[in-house]
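Residue numbers (the working numbering): 220 to 353.
There may be inaccurate statements among the hints.
If you anchor each label on the Cβ, the simulated ranges turn out as follows [what the hints assert, rightly or not]:
no. : residue 1 : residue 2 : range
1   : 333       : 294       : 16 to 22 Å
2   : 296       : 248       : 21 to 27 Å
3   : 260       : 293       : 28 to 34 Å
To be clear, the hints were calculated from the coordinates, so they are not data collected in a lab. Glycine residues also receive a C-beta, built at the ideal position from the N, C-alpha and C atoms.
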Amino acid sequence: MYGDFDSDLRSGGEGRTVMLVHGMWSRPSAWDNFRAFFEARGYRVVVPALRHRAEPGADPHPELGVTSIADYADDLAAEIRNLDHKPVIIGHSMGGLLAQILAARGLVHAAVCLAPAHCAGYMSLDPGPLWIFR
C-alpha cells in the first residue's frame, strides 16, 4: 500500500473498513480478488449489492428502470451509517460515481474511483467521429 492510506488502515483508524462498490453491469463477485487482497491484510471488507441488480440469467427487476443514482447513493449511505467509522470506498464505473457522491456528502474516509462513470451533463464520448459510421 502507499502512504497514509496504509498507515490509517493498519492503525485501526477510521479507514479500517474498505467498501467495494461494483458498476452498473456488474455484481459484488467482481470484487472477489480485491476482497481477498484486503482481507488477507486484516482489513474489514464490505461489498454491497446494488439494489435491483439481477444475478446472471435472471430477468431485470421491474423497478430497475426507475431506480436512480441518488437511490443507490442513499442505499450505500444507509449502509455506511451502520458502520462504526467512515470507510475507504473503492468504486468501479457507476460505483466510482457513487464513491464521489458519498465523498461529497462527507461519508467516507477516502474514495478511490476506478474508471468512474461521468456526471450528468458530460459526454463520455465525442459524437463527432461517429458520423463516419452513418
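Cross-check of the supplied hints:
With their beta carbons about 20 Å apart, residue 333 and residue 294 fall inside the hinted range of 16 to 22 Å. Look at residue 296 against residue 248: about 23 Å separates their beta carbons, and that is inside 21 to 27 Å. For the pair residue 260 and residue 293, the supplied restraint of 28 to 34 Å holds, since their beta-carbon distance comes to about 30 Å.
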